[in-house]
Structure formats: C-alpha cells, structure tokens
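Peer 1: We have chain H already, so just place chain X with the ligands on it with the hints.
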Amino acid sequence: MSKSSPRRPFGRNTGTVTVIEAKVHRSSARNARLAFILTAVIVGLLSAVVAASYMHPILALFTGAAIAVPLGGVAWVLVRIWPVLRVLWWWTPEIGITTLLGAGWVQLANHTPGPVTLVVVALVVGVPAALPASRRALVAWTWCLIVRHRLRVCFAQFIIANQSGSLPIILWAKPTPVGERVWVYLRPGLSLADLEGRLDRIAVACHASAALIERASDGNAAYLRFDIKRREVLTAQVGSPLVDVIDPATPATDRPTPAVPTALDLPDVDVPTITLPAQKKPPATANGSKPAASSSAPEDDISDWI
Amino acid sequence: MTIATAPTAGIPVGPGLSMFDPIFVGIDEFGHPVYITLAYRNLLAGGEPGGGKSGLLNTIAAHAALSVDSRLVLLDGKLVELGQWEDCADAFIGPDITAALDVLKRLQLVMNNRYAWLRAHGRRKLTAADGLSVITVLVDEIAFYSATVGSKQEQEEFVALLRDLVARGRAAGIPVVAATQRPSFDIIPTSLRDLFGYRAAFRCTTPNSSNIVLGHGWAEQGYTATDIQPTNQGAAYLIAEGGTPRRIKVAYLSDSQIAGIADYAAWIRRPRPLPAQVPDLTRLDLGMAA
Ligand SMILES: Nc1ncnc2c1ncn2[C@@H]1O[C@H](COP(=O)(O)OP(=O)(O)OP(=O)(O)O)[C@@H](O)[C@H]1O
Ligand SMILES: [Mg+2]
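Read top to bottom, the protein sequences are chains H and X. Here the first sequence is numbered in the working numbering, starting from 1 and rising by one per residue. Here the second sequence is numbered in the working numbering, starting from 1 and rising by one per residue.
One chain only, chain H, in its complex shape:
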C-alpha cells in the first residue's frame, strides 16, 4: 500500500516535529491520487454492474459514481495519513500502556481520598520494584519495547532495503535470559545474508554486546529471529547429574600403587637421560598431500583450508 517511508518520522532529538518530509510528502500525494483513482474506478464499476440488474443502466452508472467517489476519498485520506498511522502503530504498546496508567490514575484519584491514593500508588509502584523477580521481569519487558524501536532505527538508518525504503515488519519480542529475542518479517530487498554483515552495528544500536540472527521458519526466508545478547549467563559451574546416581558407599577400587617417578625438578634430570621422542620431520608433513608447501605456508589464513 505505502510506497513511502519517512527516514525520521519525528525529529525527536532536534525538538522540531517533522511529521512528513517534503520528498515523502510528494510521493505520498502521488500515491494518494493513485489510490483514489483505483478505488473509485473499481468500486464504481462493480457497484454499477450490480445496480444495473435493478435499474436502468444509465441510472446504475450514476449510482456507481455516487458510491465510488466517497470510497475513493476514504482511500485517499488513508494513504495521505498513512505515515502518521504507521508511527501510531509503532508506538501502540507505549500509547496503550500510558493510556491505561493515566486512566487508572484518574479513576483512582477521583474515587479515593488523597492519602489512600498515595498508598495505592506506592503499593502498585513499590511492590514490583521491591521484589527482585518482578523487577527483573519489568526491566526485561521494558528492554523488549526499547529493542523493537532500536531495531527499526537500524533498518531506517543504515540497512536500506529498497528504493522506496520500506521497513521490515518488526513483530513481537520477548525476554530471554541473555537479552531479548525479536521476530522480524523482511520486506523485499533484504535477506539474512545482508543482515549478517551488520551484526556488530545492530548490537551497537541495541546497546547490546552481540546480536545473532536465525531463520525463524524453514519455509519462509523472510521470517527471521533476532537474538540480542546483553548478558553472559553461562558463568556458573554446572554439575553433572551422574554424581547423584552413583552409590556413595562404593568400595574404592584397589589399584596397584603405580611406581612413583622421581626426578621431578630440572636439576634432577641428567642431560644424557633425556630421550626425546623421535621426530623426523615437521608435523606439517603428516598431511601427506603438500609436504613442500606446508613447511613454508603461513600458520593461519586460507592455508588451513587446503
């Protein structure tokens, strides 16, 4: 539907509010005209055909036109305000939460005396903040909201997908122990491989330590899963459950005491007693395929793949 995209719908940092940029404004006007004509023609023809079975064809044409023009107008308005609608849609969770909180506050303030209001607010704010589990959950979900916007900033700012600049659809997000996981539906012009080259920049934009992208569906290459990592969780030592299945009263196996070697320090070892294992050639020749090249080949790089 929309062929246009504002780079910065709201100039949030500068303080000025540019809802629709000039270029976008022009293409939006063209799209709106197109939408008006298309809708009007299709709706008009359809309704004329239907009306023709009830009345005279010429009357039916007029009826069709009467229905088509208002509907075309609706389409025109929708396309014209589409950028604004899209911004509203992006911020729906925040708008919804703010509205709910505001409405709740107003209701509370209207129906309870002042001290009670304060106590209730203190409880509603304080209890989740005081309980570590709920506090962590709140913070994690807040990060989910933030990360969705940050990802959109990535797509709008440095992952230019196509000429009209349509942005991928950023679906839901959920917290994971290491950070967040966001599902994204790509629009034409992007692919998983394009994004993999920009993982470091995505991580920076999301204030995270690393980002990973995986396909979320085997059947659809456009459906991706972003894993944003901002914590290292694998630091604790993990025990093995096998320790619990054994019988602690096991009789120890009687092993013959091995001959305990002496000469455990450097001065204890005479020079002639050292027998180095026979080592004829540099180990590289174990490869067998390229004995000549491997002795001079650099350790790293592509030669490892020979």
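Think of the hints as simulated: they come from the structure by calculation, not from any bench. Backbone N, C-alpha and C fix where the C-beta goes; we use that ideal spot for every residue, glycine too. Keep in mind that the hints are not guaranteed to be accurate.
[To be verified] Computed footprint of chain H on chain X; a stretch qualifies when at least three of its residues, placed anywhere within it, have a C-beta under 8 Å from a C-beta of chain H:
#	region
1	19–27
2	59–72
3	220–228
4	231–239
5	246–254
[To be verified] Part of the chain H face toward chain X, derived, beta carbon under 8 Å:
#	residue
6	SER166
7	LEU212
8	LEU234
9	ASP247
Peer 2: Chain X with the ligands alone, transformed into the frame defined by chain H:
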C-alpha cells in the same frame, strides 16, 4: 513359587544408562539441558589450552562408564586427563603410538566384523536392541599421536586408521570423540576433520581458529568462540542436533567426583563379561539380574 530375598549388600545395581540414550553435556543460554546422542555421531572438540575440552571428554566418559552397553577405549597423550577411567576402560593408551595403533587396528577389525554381521542380518545400522556394546573411542590430544610422537609412517597410519573409524564406525556403534587444541591441517588432515558431525569450540584466540573447529563461515554469522571469556572455562559453541551452534556450558566433574563415578563404574562392571557373552549384555538382562 518362593522368592529368595537377594542379599542387599554387595550386589551392584547399575543406573541403567545406555549409550543410545541422550548424554547430558551441560546447559545452554536459556538454562535448558543440552543432550547429545553419541551412538551414531562423532564429536570433535577444539579450543585453546585450558578451555575445557578434557572436561567435556570426562563428562562423556562418565556417561559411557555408567552405561551398561558401552566399552571405553581411551587414548590420552597426557595420561592424567582420562587416567581416572582406566579401570572402567577396555583399553587405556598413554603416550605410546604403537599401542595406539594396535588398539585402532583391533577396533577396525571389530568394525568390519560388525558390518559383516549387520549385512548377514540384512540391516544397515546397529540399534540398542542388538545387545552389542557401543565402543566409545575417546582421544584427548589427537595432535600428540598425529603430529608429535612416532615416526612419520606411524603418524600417517594413526590418521588413516582414525579416519576409517570416524568414517565408517558410526553405524557400527563405534563413535569417536576427539579433542585437540587447534585442528588445522598440519595437526589432522582436513579430510579427517570434516568427517566429525558434532563440533564443540571452546574459547579460541582468533575467529579463524573458531571457524576451523566449527566449520567455515560460522564466525561471519556471529558464532565465534573468540567471544568466550578466558575466565569462563567450559563454555563452548556446540553444533549438534540443531545444526546451528549453540552456546553451552559443559557440565564439570571434579577429580573426586570422577574418582567416585569411576569406582562405581568399575564396581558394577566387575564381573567382566567374557567375549563369548558379549551379545547377552543387554539392559534387559541386567534388569533381571538386579
Ligand atoms: N565445564 C567447566 N566448568 C568449570 N570449569 C571448567 C570446566 N571445564 C574446565 N574447567 C576448568 O578449566 C581447567 C582446564 O580445563 P581442561 O583441562 O578441560 O582444558 P583443556 O581444554 O583440556 O586444556 P588442554 O588443551 O591443555 O588439555 C580445569 O582444570 C577446570 O578448572
Ligand atoms: Mg586437555
């Protein structure tokens, strides 16, 4: 029918694990347990010294030692990494390439016989119901045998035998688990390295080293073992069932825990089955004996 009460003391009861069961190796980033099924797969572990490779091998050895349908063949150039399992193992080879070659040749024979046996039964792979033991071959420090000790011929023979085991042993129930610090072509040939289905990359110093362990191209996709903290030993990227590397933390067994499990395993295995009885070594039999 009278039921004789069995003497409760002195009769060891195995935990009933099987090598065909998934082996617990650790947890992933989501706190979920990570299992690998080793019976039909080979695993290669790589990473810098002190990364935790031997820890992974010990975790696998513990499962294998406690499994009733399993035999252990241990090759350990350092003697101490797998040395505690010596009593549960059918073969424990130290820094001795001749002994290593002998045991690999024996394994090759067993493998050939098993394939002949499978063919005679019109089948293609061993299953848990066959009652044959899974012979897990654990090699710590492949580089020691393939590039350090012995003559060049011996090293090449070692690589050739190991490659044969890795290539063909899978369906015959002879999985190979090998560890080495950097499996580049001068340590083990690429043709051998690429046969390992499962990869575990412990901390590496360069993305290239990580790619050598995990396979080409993973570092570019963001899976590089360089981002593991040097202090976080036992953390690794594991490519197993899922196909994409997973960040895991390997379960760790302390020396005394290994000693306890090894003693117990040696105890439940004490009446070593004679070779003629090997086909009877099923879980069912043990269950009835218990
Ligand atoms: N899963 C783990 N959890 C916690 N600590 C671990 C773990 N694995 C290893 N470590 C610690 O790291 C140390 C070295 O581990 P390990 O001997 O397994 O390294 P390695 O990779 O085998 O080294 P090398 O290449 O020198 O043989 C261990 O002594 C232990 O303290
Ligand atoms: Mg080791």
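Peer 1: Hint by hint, say whether it matches the structure.
Peer 2: Verification of the supplied hints:
1. 19–27: Holds: 3 residues of the region 19–27 of chain X have a Cβ under 8 Å from chain H.
2. 59–72: holds (count 4)
3. 220–228: With 5 residues closer than 8 Å to chain H, the region 220–228 of chain X meets the three-residue bar; holds.
4. 231–239: Per the Cβ count (3), the hint holds.
5. 246–254: Our answer is that it holds, as 7 residues pass the Cβ test (under 8 Å) against chain H, meeting three.
6. SER166: This interface hint is violated because 25 Å lies over the 8 Å limit.
7. LEU212: 5 Å, holds
8. LEU234: 4 Å, holds
9. ASP247: 6 Å, holds
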